[in-house]
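Below are the chains, spelled out letter by letter.
2 protein chains.
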Amino acid sequence: MYGLIGKMIAKPGQRDALVAILLEGTGEMPGCLSYIIATDPTDANAIWITEVWDTQDQHDRSLQLPAVQAAIARARPLIEGFGERFVTEPVGGVGLS
Amino acid sequence: MYGLIGKMIAKPGQRDALVAILLEGTGEMPGCLSYIIATDPTDANAIWITEVWDTQDQHDRSLQLPAVQAAIARARPLIEGFGERFVTEPVGGVGLS
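Chains as they are written, first to last, in the working numbering: chain A, 21 to 117; chain B, 21 to 117.
Calculated directly from the structure, the hints in this document are not laboratory data.
Small disclaimer: the values here were computed from a predicted structure and weren't measured.
Beta carbons are placed, not taken as given, at the ideal position from N, Cα and C, and that holds for glycine.
Don't take each hint at face value.
To be verified - Just the calculated beta-carbon pair ranges, DEER-fashion: (1) B/Asp74 to A/Leu43: 35 to 43 Å; (2) B/Ala90 to A/Gln84: 41 to 49 Å; (3) A/Arg96 to B/Gln84: 42 to 50 Å; (4) A/Ala93 to B/Ala90: 47 to 55 Å; (5) B/Ser117 to A/Ala40: 32 to 40 Å; (6) A/Ala37 to B/Glu104: 21 to 29 Å; (7) A/Gln89 to B/Leu85: 21 to 29 Å.
Let's have the full structure, built from the sequences with the hints guiding it.
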């Protein structure tokens with residue numbers, strides 16, 4: 021499995037709108053086992069995204085899906101930047117659908 | 021929802037044993053929506069644990085479950101320390117069982 025833990029920073033006041041777009045974009049993604057969007061209680065602009073995919077290739081290809089491309093296009097103007105990013109190799113647990 | 025992203029450092033050579041204990045300990049935890057164990061491809065001793073709970077209270081109470089207490093007792097001698105730790109407020113996504 022292939023995992024990502026990443027922090028996204030919204031432009032001031034845009035976090036809720038950005039979260040909504042991210043949630044809409046996670047519908048049908050082949051190979052996606054977990055994709056959880058969270059806000060950061062210590063930073064009003066920060067979003068944490070934790071992902072698990074069967075393979076890195078499936079993650080990479082998901083970025084070309086029309087629904088994901090559309091979400092990226094709508095999200096981009098609301099993104100200030102990115103914070104921490106960690107690649108992981110998930111091995112198991114609860115919630116890998 | 022209540023979320024945690026945390027890095028655990030195993031004693032040298034003990035990561036696989038520690039991961040196995042962590043995986044066994046995640047069976048029946050009321051309020052646990054996601055609990056994913058991952059290794060870090062850049063650090064042979066590091067483990068990432070990402071968790072989502074209905075409430076922080078359910079997370080806190082899980083630490084008193086007999087199975088979790090037993091896992092903690094077996095895991096403790098294999099743990100060198102802890103790295104990054106982020107509390108999050110999950111709002112949705114894929115894989116929240």
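Satisfaction of the hinted span 21 to 29 Å by the C-beta atoms belonging to A/Ala37 and B/Glu104: At 28 Å between Cβs, range holds.
Hint check for A/Ala40 and B/Ser117 - Cβ pair distance inside 32 to 40 Å: 23 Å, violated
Pairwise beta carbon distance, B/Asp74 to A/Leu43, judged against the given window 35 to 43 Å: 18 Å, violated
Verdict for B/Ala90, A/Gln84 (Cβ pair) under range 41 to 49 Å: Because 46 Å falls inside the window, the suggested range holds.
C-beta pair A/Arg96, B/Gln84: status relative to the range 42 to 50 Å that was hinted: 45 Å, holds
CB-CB spacing for B/Ala90 and A/Ala93 relative to the 47 to 55 Å hint: 50 Å, holds
Hint check for B/Leu85 and A/Gln89 - Cβ pair distance inside 21 to 29 Å: Given about 44 Å between the Cβ atoms, the range is violated.
Figure legend: structure checked against the earlier numbered hints; hints not met, in rising order: 1, 5 and 7.
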